[in-house]
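Engineer: Protein chains in written order, with the working numbering: chain A, 20 to 124; chain B, 20 to 124; chain C, 20 to 124; chain D, 20 to 124.
Don't take every hint at face value.
Given that identical chains are not distinguished, each listed pair holds provided it fits within a single copy or across any two copies.
[Unchecked claim] Derived lysine to aspartate or glutamate pairs resembling EDC-like cross-links, with alpha carbons at most 20 Å apart:
#1 K21 <-> D70
#2 K21 <-> D108
#3 K21 <-> E76
#4 K21 <-> E54
#5 K116 <-> E69
#6 K21 <-> E80
#7 K116 <-> D70
In short, the hints are calculated from the structure, not lab data.
Protein chains: 4
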Amino acid sequence: MKVIVDLCIVPLGVGVSLSTYIAACERVLAEAGLETRLHANGTNIEGEWEDVFAAIERCHEAVHEMGAPRISTTIKLGTRTDRNQSLDDKVRSVEEKLRGVDAKP
Amino acid sequence: MKVIVDLCIVPLGVGVSLSTYIAACERVLAEAGLETRLHANGTNIEGEWEDVFAAIERCHEAVHEMGAPRISTTIKLGTRTDRNQSLDDKVRSVEEKLRGVDAKP
Amino acid sequence: MKVIVDLCIVPLGVGVSLSTYIAACERVLAEAGLETRLHANGTNIEGEWEDVFAAIERCHEAVHEMGAPRISTTIKLGTRTDRNQSLDDKVRSVEEKLRGVDAKP
Amino acid sequence: MKVIVDLCIVPLGVGVSLSTYIAACERVLAEAGLETRLHANGTNIEGEWEDVFAAIERCHEAVHEMGAPRISTTIKLGTRTDRNQSLDDKVRSVEEKLRGVDAKP
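Take these sequences, add in the hints, and give me the full structure.
Structural biologist: So, in structure tokens, the structure goes:
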């Protein structure tokens, strides 16, 4: 099953500067061959369910190995059976509506 | 790796009454042998990473089979290496603070 | 507008034991006169939009005053115009489906 | 208090094509003069607490007026007292780590 995921990993017990940990997760996701888009509050990911969640588990393992004793993560996750939709399709779909383009919703 | 998860599954394209779908997911989680607590905005789950995410995938499959063409799910997910903590420990810990009990935080 | 909210406040930069901060937020919500239910991954809240979000802002202020330099919060939030539904209605609705009761969904 | 927010609004009871509703929310946020970045799973917003949550309430009102009887929204929300950080700072901070730049974390 294909999933579109928004991943936000928050390491606890390592102070307030988290970008080193987020960068490590970006590398884990890239090594997994997943399509990703970094944004200010997380990372959008596109892939097969098993691949995506196995990669997220490796992110948790990596962040714990870097010294974080606790991690609090938020995931938004979409699946659909009616059509195939990519990360870029989702953004384009809203942008077309904003420009008044009469496109497939 | 043990995880504590909060799962909120929102089927789309099936109207506004979602409790039948949520109940189906509760059954999937129970069949998986996972510890769960239903609350007003989701279900708390305790278990091993692979078991929990395999069960959540089966929830998505079940809800799609019931006729929902699209699902939007939110997951909060915690892991920790410093101590073992159950769903009930987490609630108890806050309740003790509220009662002024001088307990392990 | 009435809202049903699930609030999960995660203070950063104060170590891994968060229950003291969560208990402080519970007190802020109680002082605001809001209906709440604590669970293992957050607190369910029922109330008017302005009251709820003003109280959540006071939670952030309280947690910053307790010494947390950064806070990462996740909120799930539901509004509906078709019917009035309480926190307890939401749980009861799923539980009735699980018991096979033929109730209003 | 300044907040960084990630907003994901999911209208229920209006089928599976949601981009028209999301575009309407984008217009509400723009009219409120808020800094925003659309991404595949939501919209990042930067602004003062009261302005941001008043605008999100107007998004809910707009989506209900467009015919959605129920809305399920997820918000991630960050505040910090140690430094001022913009949406673009957050992305840049991770990207610098990925490039191996020795920057302020």
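Engineer: Please go over all the hints and tell whether each is borne out by the structure.
Structural biologist: Each hint, compared with the structure:
Both within a single protomer and between protomers do K21 and D70 lie at most 20 Å apart by alpha-carbon distance, with minima of 10 Å and 19 Å respectively. Taking CA atoms no more than 20 Å apart as the test, K21 paired with D108 passes inside one copy only; the shortest distance there is 14 Å, against 32 Å between copies. Taking the shortest alpha-carbon separations for K21 and E76, both the intra-copy value of 17 Å and the inter-copy value of 11 Å come in at or below 20 Å. For the homomeric pair K21 and E54, the shortest alpha-carbon distance inside one copy (12 Å) is at most 20 Å, but the shortest distance between copies (27 Å) is not.
Within a single copy, K116 and E69 get their C-alpha atoms no closer than 33 Å, and across copies no closer than 28 Å, so neither meets the 20 Å cut-off. Taking the closest pair of Cα atoms, K21 and E80 come within 20 Å of each other only across two copies (11 Å); inside a single copy the shortest separation is 23 Å, beyond that limit. When the C-alpha separation of K116 and D70 is checked against a cutoff of 20 Å, the pair qualifies neither within a copy, at 32 Å, nor between copies, at 25 Å.
The earlier numbered hints that this structure contradicts are 5, 7.
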